[in-house]
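Put chain B on the given structure of chain A with help from the hints.
From first to last, the protein sequence lines stand for chains A and B.
So that you can map any letter, position 445 of the first sequence is 445 in my numbering, and since no number is skipped, the others follow by simple counting.
For my numbering, count along the second sequence from 1 and bump the result up by 1000.
Worth flagging that the hints you see were computed from the coordinates, not collected in a lab.
Treat the hints loosely; a few may be bogus.
Unchecked claim - Which residues of chain B face chain A? A few of them, derived with a C-beta cut under 7 angstroms, are:
1) K1082
2) T1088
3) P1090
4) G1112
5) F1116
Said to hold, decoys possible - Straight-line alpha carbon distances no greater than 30 angstroms define the calculated DSBU-like cross-link-like pairs of lysine-lysine that follow:
6) B:K1162 / A:K339
7) B:K1082 / A:K339
8) B:K1108 / A:K339
9) B:K1108 / B:K1082
10) B:K1108 / A:K236
Backbone N, C-alpha and C define an ideal beta-carbon position, used for all residues, glycine too.
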Amino acid sequence: MTDTLTPVLTKNWDADRAWTLASYEQGGGYGALKKALKMAQDDVVTAVKDSGLRGRGGAGFPTGMKWGFIPQDNPNPKYLVVNADESEPGTCKDIPLMMASPHTLVEGVIISSYAIRANTAFIYVRGEVLHVIRRLQAAVEEAYKAGHLGKNIHGSGYDLDLIVHAGAGAYICGEETALLDSLEGRRGQPRLRPPFPAVAGLYASPTVINNVESIASVPSIIEHGADWFASMGTEKSKGYVIYSLSGHVKTPGQFEAPLGITLRELIDLGGGMREGHELKFWTPGGSSTPILTAEHLDIPLDYEAVGAAGSMLGTRALQIFDETTCVVRAVLRWTEFYKHESCGKCTPCREGTWWLVQTLNALEHGQGQESDLDLLLDQCENILGRSFCALGDGATSPITSSIEYFRDEYVAHLTHGGCPFDPAASTLFARTLGSTPGAGTDKGQVGVTA
Amino acid sequence: MTTAPEKTASAEKAVEKSDLVTLTIDGVSVSVPKDTLVIRAAEQVGVQIPRFCDHPLLAPVGACRQCLVDVPDAGNGRPMPKPQASCTMPVAEGMVVNTQVTSPVADKAQQGVMEFLLINHPLDCPVCDKGGECPLQNQAMSNGRGDSRFAASGGVKRTFPKPIHLSAQVLLDRERCVLCARCTRFSEQIAGDPFIALADRGALQQVAIYEKEAFESYFSGNTIQICPVGALTSAEYRFRSRPFDLVSSPAIAEHDACGAAIRVDHRRGKVMRRLAGNDPEVNEEWITDKDRFAFQYAKQADRLTYPLVRDEETGEQRPASWPEAFAVAARGLRFAGSSAVLTGGRLTAEDAYAYSKFARVALETNDIDFRARPHSAEEAGFLASEVVLKQPATYADLEAASTVLLVGLEPEDEAGTIFLRLRKASRQKSATQVVSLAPYTSWGLAKMNGRLIQTAPGDEAAALRKLDVALDSNSVILVGERLATSPGAFAAATEVAKATGAKLAWVPRRAGDRGAVETGCLPNLLPGGRPVDDAAARVDAATAWGVSHLPSRPGRDGDAIIAALASGEVGGLVVAGIDLRDLSDPHGALEALQAADFVVALEQRETDVTRAANVVFPVAPVTDKAGMFVNWEGRPRTFDAVLANPASLPDLRILSGIAEELGHPLGFRTVAEARAQMEEIGPWDGDRSTPAEGLGFETVASATSSTGGFKLATWKQLLDNGRMQEGDDNLRATARRTVARVSAATYDGLGAGAHEVTLTGDRGSVTLPVEVADLPDDVVWVPQNSFGHGVHADLSSPGGTVSVAKGAE
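Extracted from the complex, chain A is given alone in its bound form:
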């Protein structure tokens, strides 16, 4: 079973003090940088293009192509911005990576900046994860001292400054143009496109914005070659990625595997479902991706196959829910998140999430009627594709997909006059509460779908 794992980014995570420069270099770290600095800049871009690396932040846009959009005849400085504002519910890959091995990212930043001819790079980190910010800052300081950053890096004549910037805790700042606004010191709200960041991004200059995992993958591509990278994964989804398994599995965590692995294999790697329970629904890439069910256990987790199943690969944040979970409750919690995080710029997302929460809340309490489900779907239809950025779209995904798969369970709330589930049963401490089903509630567990 361990054969399915391909630890590259996570390879050194269990090394002693893996976050230090010494530990990283001991494992061959910064070798790719020295190799890259001897290459022509366009060759680095070509290598990334040939590898087939696609953006790991969710949308899956080819990274090399993005780099190619930077107009090199533009007189303004070029910038590389790393989007480390990981805030999607369920997504937990960039923060562990930066925590365990920040130098992997730093090396990736240097090589990528060199490729796009940027002399200033930024890592925009989610503000709440102070410990990670400190690790990154320490790593950047070490890299400066070791000559990996600064003026004339390793005698190549190439200069790079890397700035670690802490956000203030807004989900919207993970949207790349909102991130740029935030980085410039404004309120994070998405910008009108065009112009695209590649042409007029940070400080109206050509800017590449990449996810942490995308940039962290670059050193291995340079070190082992594009062909090595492309040999992994599926036809159109190349390479390895970090899958974050969370929820009702025995051993949640990060699993690095080639694209195309199935959830069934991942659950096995995670030691199986919680004892005595079975899979009910799951998200393939965080809460913004439509939920899937047990029938999708065997679809390959790559961009194409998940898309064909009606969802999106997203950030490969696999949130696993077993049959004790009330889907209405879970969806309401997600929707409350979107309401809280809507930036307020556009009407559908700002007002729509405000209303969705109220409608869902009523449903959870068994108030309303079955036609409210159609109202809910109509609200979603009026938000999806109507909002300014993808935040509004993401807010509708869990609702529409859950009604698609679990309409009966919504109706059961109405007929039951409230939630038919025992909320305690889905908690981690459920077992310690006692093995009697339905303990702690007078409603008991009716197991609508189980």
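Same frame as chain A, but now just chain B:
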């Protein structure tokens, strides 16, 4: 005679065929200029797409999502996968757009957004000022549903405490706000006063302001007008009336020489509010707060409503009938010996023409001057040779100019519409460089991205002669009326314009000033630019007026008239529209008026002047009469009476009444008749006054002789103690703080921690809070009419020097 509107081909730019893009909207093919937004292309085929955040003069933002349309072909043969915001999408050749008219998808998208907008919007339309003229209300009717699913499903609205003050004048009701960001974008993009911004997020997002910095913008009222809901209201108009009870009349703002178009909304003979008119060639859709809010002056308790005559026995003024007042005025002027005329800036061109003709025909004198402020013979020569009958530059020229040089002009304070246009010009792609010869970098200059050429008052001529600014025929030089106190400055500006080919335009402060030049309210000019010292011009005017001759001796200017009154050389005076505080010597002028044999005053409200007069005639404010202002461009701006008030007579009717009693009828009694006569007499087509003739330019080598004190730089701020701003305390509360500005070195010289300075000049002394600015070390700046009775009465004579000391006296 007055200059005609010049509608040249340049005004209507012919669009090149190749720049046109053809697309199909709702099945109708339409060709529009490249880069046109779909929402405006749709207007060309008669389709109004609902919108909130979109405003043609603001940058697109795409925030409200109300204008979604279906695009089955983006011009590349491929459909757009989802509805697109038509306010952010430029047209493309071959594009196909289906709006709510033909596309169920677009219609549903718009209905959906409308429903969302209404879920958190309060149902207080019956008490909302916007009710009846509300884009949200109207578009909810046209593009929304009749019932509320939100309310039906038991939804709970977001609420906020009502309303909060953004400034004394502008109030914000956050519940009503649809967060279109028009107000914040206007403040940032157009006015350059980003005091308000959106804060917080989600449905709790709101327009906010930093508690320690009020919305101190001269243009804040525009945000109220462009607000598509009732979220922003003015303290002045709040709860005063309903739009459907109002009658709207177009008018022209009377507070400056910009000629801004306004709309006056009135009800039962009372002006309730004023809004910006839409005139793309002049003020676009913006006006200053003064133009918007300062109209209560006509309703003050001291408004004159009937003629007054000084009783010969008691020496007191008493009410009189119109015929009696006409007769007394005529008799008094006849027996006063020689008489003169002084007018001020409130006159319409027709009224000014009447004064000009009255002086020449009825009083047989050229002793007439409209310059109720410090002035010079050099200026009179400049006006006669370089200003009258000329239309050197337009607002469009400011926008197209490579460089605009400001000399003695602070547009934000003295000509708000010019300021907005220059700020726009400085922000466009081929930016206009604004260069200002001024004592310090004002806030306004910074907002125009302008460059300062630091110039002490009086040194303008010297600065112009060593100018290091590249000017060409595409450049514009704007000279302010304040240059009259700077010897040689007008001459130097004329030289620079001639040498470089730059356009030279004179920007006065008051609405009536340019019209007064055109109609000859000057000692050296007759109407239509006819030089007094040109016999042929005099004969031409005399013929047109049907009189045998006109006085040939050049007249006295304003200061000379006042001196002659004081000395008794001139016995009679007809005076109108003068605020003594504006004159070079307010106290001296008052004494001269009191010493005069006979004074006839034509005024809207009681003043020191009317109190000194023998006969006082009440005159109509601009709302009560038709007329014309000629703005700084030389563009005639005509307007009709807003209110019908038969007892309110324009100046010209009163002058014609006196003239008839004097036996020299003016030949007109109404505005229309006066205007017809003006058109008949027309502009002078003979030789123009040249500086060598006429009064000529003085060549004064240096500015004021240095007496060791600080030179005093001063001008009037937009909002100050002006008479025509009286009656609206909320407006006055938004005026800028009255401060004295000194250089950093001067400040340091005052001793540590000075908060106030005391300035002492030849007319008195004043203590003001002090601020540091990039002034020359020997110059201090104070606002001219923001404290006491103004600079000339309380501090210093024009061009004088002052001493500066720390703290209170």
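Against the structure, the hints come out as follows:
At a threshold of 7 angstroms, the smallest CB-CB gap from B:K1082 to chain A is about 3 angstroms, leaving the interface hint in force. Residue-level restraint check for B:T1088 holds (minimum Cβ-Cβ distance to chain A is 6 angstroms; threshold 7 angstroms). For B:P1090, the suggested interface contact is broken, since its CB lies about 10 angstroms from the closest CB of chain A, more than 7 angstroms. Hint on B:G1112 holds. Least Cβ distance to chain A is approximately 3 angstroms, under the 7 angstroms limit.
For B:F1116, the shortest C-beta to C-beta distance to chain A is roughly 4 angstroms, which falls under 7 angstroms, so the interface hint holds. Restraint check for B:K1162 and A:K339: satisfied, since their Cα atoms lie roughly 24 angstroms apart, inside the 30 angstroms limit. With a C-alpha separation of about 23 angstroms, the suggested pair B:K1082 and A:K339 falls inside the 30 angstroms cut-off, and the hint holds. With a C-alpha separation of about 23 angstroms, the suggested pairing of B:K1108 with A:K339 holds against the 30 angstroms cut-off.
Pair hint B:K1108 plus B:K1082 holds up; C-alpha atoms about 12 angstroms apart against a cutoff of 30 angstroms. Our distance criterion of 30 angstroms between C-alpha atoms is broken by B:K1108 and A:K236, whose separation comes to about 37 angstroms.
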